[in-house]
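Chains as they are written, first to last, in this note's numbering: chain D, 1 to 285; chain C, 1 to 660; chain L, 1 to 336.
Do not rely on the hints blindly, as some may be mistaken.
To be verified - Computed from the model, here is a short list of chain L residues facing chain C with C-beta under 8 Å: (1) 97; (2) 168; (3) 249; (4) 250; (5) 252; (6) 282.
I should point out that these hints are in silico values taken from the structure, not numbers from a laboratory. From a predicted model like this one, the values you see are computed outputs, not experimental measurements. Glycine included, C-beta positions come from ideal geometry on N, C-alpha and C.
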Amino acid sequence: MLAVFRDLLRYDGRFRVASLFLMLTLLLAALAWFSPYPPTRTFMTPQDLPPSLEHPFGTNSRGQDLLWWMAFAVRNSLILGVITAVVSRLIAIFVGLVSGYRGGFIDRALMSANDSFVVLPVLPILVLLSFLLQGQLSLVTLALLLGLFGWPWDARLIRAQVLSLKERAFTRTAVYSGTPPLLLTLREHLPFVLPVVFATTINNMLWSIGMEVTLSVLGLSDVTVPTIGTTIFWANQHQALVAGVWWWLAAPILVAVVLFLGLYLLFSSVNEFIDPRTRLRRIGA
Amino acid sequence: MNRYTLSRREFLAQLGLVTAGAMLTACAGPAAPGGAAPAAGGGAAVSVAGDREIAPGVLRSETLILENPTGRVVPADDFNRWRPGIQSASTGLQQLALDALWYIDPDAGIDGVWDNSLAAEKPIYNEDFTQMTVKLREGIYWSDGVEFTAEDVAYTVETLKATPGMNYNGQFNKYVASVEIPDKYTVVFNLTEPNSRFHGLFTVRWSACFIMPKHVFEKQSDIVAYTFNPPVSLGPYVLKDYDPQGDWYLWERREDWQRTTLARFGMPAPKYAMYINAGPSDKKVMAQTSGELDVIHDIAPEGMITLARTNPTSKGWFKSFPWAHPDPTLPSVIYNNEKPGLDNRDIRWALTLAIDIVRVAMASYRGAATISAIHVPPTGLYPGYYFEPMQDWLNNFTLDLGNGEQYKPYDPDAAQRIAEEARKSLGDMVPTDLAEIRKAIGYGWWKHDLEAAEKLMLKAGCTRNAAGKWVLPNGEVFKIALMAEGDTRPVMNRGAAMIVENWSEFGVDASLDVRDNATRARLTLLGEMDAEFGWTVETWGGHPDLFFFLESWHSSFYRPTGENAVGRNRMRWRHPELDRIIEAIQRLDFDDPKGIELGQEFIKLAVNEMPITPIMSYNVFSVCDERYWEGFPTAENPYTNPVANWANTKYMYVKIKPKA
Amino acid sequence: MRKFVLNYLVPRIAQYILVIFLGVTLTFIIPRLSPNDPVERQVSQLMMSGSHVSPEAIIAMREALTEMYGLSGSVWEQYLAFWGRLLRGDLGPSLSSFPTPVIQLLATAMPWTFGLLIPAILISWIVGNVLGAIAGYYENNRAIQIVDILSQAIRPIPYYIVALVMLAVFAYWIPIFPFSGAYPPGTRVEFSWSFAWTVLRHSILPLLSLILLGVGGWFVGMKSLTSNIISEDYVVYAEVTGLPKKRILSQYIIPNAMLPQITGLALQLGLIFSGALIMEVVFGYPGMGTLTFQAVMANDYTLIMGITLLSIIGVATAVLILDLIYPLFDPRVRHQ
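Modelling step: build the complete structure from the supplied sequences, incorporating the hints.
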């Protein structure tokens with residue numbers, strides 16, 4: 001494993017950049033445990049200072065140092081994104097593979113359930129659920145909820161992929177040679193499905209973190225918890241854009257871009273690694 | 001560099017930097033003041049030099065453009081102002097097209113606080129307040145040429161009384177026995193029981209029961225379903241056009257504006273008025289800077305500061321800091337007086353002394369708050385009625401801290417301390433003169449004294465646990481979730497966040513609970529809350545009568561936690577002395593000077609019991625742009641309220657003049 | 001054929017009806033679990049509107065409104081009544097905009113949402129897929145690598161900021177586009193060239209903002225699908241035979257990689273029914289987003305039902321059609 005890592009670092013520029021970006025993001029998130037200020041306290045620093053050596057991200061109109069605030073924000077948004085991604089990936093892979101491979105009644109039953117979830121409009125329902133939970137909508141609950149709503153689209157993609165894989169020669173060869181279905185699915189289909197899963201993971205994290213931003217911009221989340229969304233909420237509440245406190249909005253943008261570029265580059269690099277044929281092709285080309 | 005002296009050019013450049021980054025900086029051209037206005041009239045034709053059409057045939061220079069704070073009006077074509085839940089109230093409908101019997105101004109008023117609008121004189125009650133007679137003005141006409149008479153007034157009351165589901169249906173059924181029309185210009189209401197405040201239903205303060213055109217409504221079979229489109233006006237403007245999507249409403253001055261009540265004060269200057277959905281705060285600032293929005297209803301303090309330093313024609317209520325118009329409402333910490341801990345007066349007082357008003361004012365309003373230590377809003381003419389006369393009493397007011405120590409909690413210099421703090425970032429904009437400070441920021445407030453608060457908690461039998469958190473005498477950790485308004489009013493949740501922080505520092509397990517308006521209203525009415533940062537005290541503003549909010553504080557309307565409060569007693573406070581005061585006020589004539597005395601008695605009782613902790617008035621950052629019009633109401637010339645959705649803003653139209 | 005109908009079509013349509021039934025029932029139940037109540041909202045709105053309301057009046061108003069909105073029966077009775085009305089094609093009156101029929105509210109807002117979101121989604125889809133396929137195929141091309149990074153760098157920026165910044169730059173700072181709305185005040189909605197031109201001009205900024213953030217997702221998906229396919233035997237074979245690269249891309253790779261992307265498109269198109277709220281707020285553009293938000297905030301049962309019903313039928317139908325035409329796109333599935 002370590003050797004793989006070293007090789008990737010040595011031969012793949014994208015992997016190097018990805019590692020750097022993700023390290024930076026994780027480092028920032030880790031800083032949250034060393035913050036000199038609790039995230040709920042305001043007016044600990046002078047207001048509205050532009051970025052400087054002392055305050056690398058500047059300070060906001062609530063008298064908070066944005067570096068430390070963003071440390072909490074990125075940690076919390078990451079937690080949200082990862083929980084949602086894991087929950088929804090597990091469901092999506094399971095439903096997609098089983099449905100696509102088994103077909104027949106199981107397929108129809110799973111796809112009925114799948115489609116019932118697909119058709120529900122998520123944002124209005126989330127807002128309603130947030131009323132229902134009466135302010136108990138913690139970040140983890142939100143992440144789990146999003147996980148429950150975030151799988152059907154991807155399950156369908158995976159199923160479609162499996163449907164087309166099933167018709168390929170190698171599947172038939174495997175079936176005729178007596179490979180058990182489960183093993184077949186895991187060994188032969190999963191590698192083809194994984195790139196789709198990876199691509200959709202980034203989409204899913206973007207979607208869940210974006211959903212949190214939307215809820216926050218509308219003031220429907222717990223605005224005392226620092227996240228990328230609540231950073232924007234508070235910036236809006238103080239009209240950061242027209243008041244010229246641009247660094248208040250720049251900080252969450254910068255962090256989000258670095259995080260997602262890092263993830264994207266990592267996944268494209270790893271994708272290639274998983275699929276040896278592509279790697280060979282690349283080296284050959 | 002002092003950030004608040006940026007020029008307009010720098011501001012634009014900075015905005016550009018935020019927005020475009022270095023890539024676009026190359027094409028940064030100076031924005032011509034005013035001229036570079038984005039064409040909201042998309043491809044609008046320029047007809048007069050320096051002027052342009054904002055709609056076909058409608059010149060910018062003849063139009064007053066105001067923000068409709070409702071935003072997008074859905075459905076756009078419904079003008080039946082008498083049905084509950086109507087969205088189009090502040091599209092100009094209640095400001096320009098409708099009229100009512102009387103108006104009370106929240107400020108000084110155009111001709112005194114009281115204006116007889118459709119009525120020719122004040123309400124005339126009989127001895128025991130069981131009959132109210134109204135004399136109407138003659139020569140007032142609906143926009144379709146029909147004369148306004150007593151028939152319209154009687155029809156309005158009788159129809160609303162007879163139609164369940166309409167506004168005022170409940171009130172009229174409770175209070176009105178019958179309506180008589182002795183002559184064309186007189187209406188007599190026979191009341192079911194003595195009621196010295198019956199005229200309140202017809203007296204506009206923001207809104208009231210407007211008068212319906214009988215000749216239009218009587219043709220309708222279903223009053224509830226009727227959309228009153230196009231509205232027939234009794235006011236000086238008629239609806240010229242509106243957006244089917246509900247984003248703008250265009251009104252045109254009536255040819256016969258002289259046959260309306262407003263004509264007493266002259267001709268309304270703008271030929272047209274347009275109420276628009278102005279979008280998010282940032283957009284409002286951009287719109288006003290480019291001359292597209294004359295009157296902003298409300299924005300965050302930072303938006304006001306930006307306008308003050310980049311757009312010289314933008315004017316707030318005050319010439320400089322704190323700019324905002326203090327509305328006659330009183331944002332307070334509303335405790336549920338039935339929750340353990342909060343049911344104890346000493347604990348409520350301890351929480352009050354744990355609040356640092358300077359930091360609350362800074363966090364919510366950047367110092368531009370108008371604070372109030374007592375239970376009436378510090379606005380309109382109230383400083384004269386209540387604040388000034390009670391300073392001595394407040395200075396001498398004492399609390400018993402439990403150990404025999406008598407403590408004077410009043411801090412007469414709170415406003416000066418806020419001014420000082422605000423001066424740190426806003427510099428000379430903040431007044432130094434005491435009289436100016438009192439006018440703008442208010443009088444004193446309660447001391448921020450954690451030591452005294454500590455003693456009060458101990459007196460109440462509370463203890464601190466190992467973590468330093470307060471524990472109630474019943475052994476439970478003292479927890480308060482402070483409920484606050486979401487993003488619809490930024491200053492409210494900003495203030496609440498600071499109060500929570502103050503309490504946490506004092507060792508109370510406090511948290512901020514931001515809710516949307518519907519949920520907040522529901523939970524607070526039910527009493528499903530520890531405390532709320534909101535308002536339950538609202539007054540006429542210009543008139544000293546407190547019955548406006550006090551009526552429903554009477555114990556006969558008390559409902560326990562778990563049942564919906566009827567009216568404003570969300571804190572569930574009951575007191576025999578309070579009932580006595582309310583009943584005494586009810587027996588008085590509206591204008592009886594004894595009302596002020598009783599009001600002061602109420603304030604003393606409320607200060608002593610502290611059922612809610614008053615914080616400040618809700619200051620509305622209404623910003624008027626003097627690019628096309630001047631003479632907007634200001635603190636120096638307080639003839640009415642500039643807050644654009646108030647029906648009272650109709651008086652603005654006769655006082656403003658086109659910019660020379 | 002008979003076998004196809006019995007084994008495939010009939011179960012599929014039964015599934016379609018089941019999905020709609022389940023979806024509708026769920027959206028009937030969820031808002032009713034919510035503690036917010038349309039009657040209380042009207043009452044509190046009246047009380048907070050600043051006019052003088054006596055306490056007794058509030059009690060009377062509660063009763064009258066409950067009766068008027070048809071909320072007086074049990075939930076079960078309301079549910080039956082709902083299906084009864086629905087089968088007669090009646091969505092009922094909106095509660096927050098009483099008594100305007102829900103259908104009228106939808107008809108006012110829908111054309112604008114469709115007119116803007118369908119082009120936005122289609123353009124994002126086409127641009128994203130074409131670029132994604134190119135990026136997957138010509139992996140070492142510098143220009144496409146820049147597009148690659150750029151498309152992914154823009155994606156995580158919150159839409160609210162992108163929209164606001166575009167508005168500030170192109171409508172305020174360099175005022176070349178209109179500041180607000182879908183057409184200027186005083187314009188009649190009509191079918192004429194000048195009106196169409198006006199609407200087009202007003203839609204450019206919102207459209208661009210949606211496309212800017214919309215492309216990245218399709219791009220990633222297509223790129224990974226393409227890089228999967230280019231190592232397939234038939235592609236390798238085609239390359240060996242010396243077919244032009246463009247032809248390989250357009251005839252061998254894209255058609256084979258398309259299937260999941262078409263599924264995605266159908267689902268995305270189905271989701272437009274609830275509108276793009278933040279776009280509407282920032283650009284002052286009319287549409288379903290504001291309506292949906294209002295419905296949810298006011299807990300306007302009938303309006304929520306109207307919108308979700310459309311959304312559910314829209315998505316379910318899109319998925320159904322997709323399943324039925326799958327065989328046309330992928331002959332391999334046809335064999336089964």
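Hints versus structure:
Hint on residue 97 of chain L holds. Least Cβ distance to chain C is approximately 5 Å, under the 8 Å limit. Annotation: interface hint on residue 168 of chain L holds; nearest CB of chain C at approximately 5 Å, less than 8 Å. With its C-beta approaching chain C no nearer than about 31 Å, residue 249 of chain L sits outside the 8 Å limit, and its interface hint is violated. The beta carbon of residue 250 of chain L is not positioned within 8 Å of any beta carbon in chain C (closest approach about 33 Å), and the interface hint is therefore violated.
Given hint, residue 252 of chain L at the interface with chain C, is violated; its Cβ is 38 Å from that chain's nearest Cβ, farther than 8 Å. With 8 Å as the threshold, the beta carbon of residue 282 of chain L comes within range of chain C, its nearest partner Cβ sitting at about 6 Å, so the hint holds.
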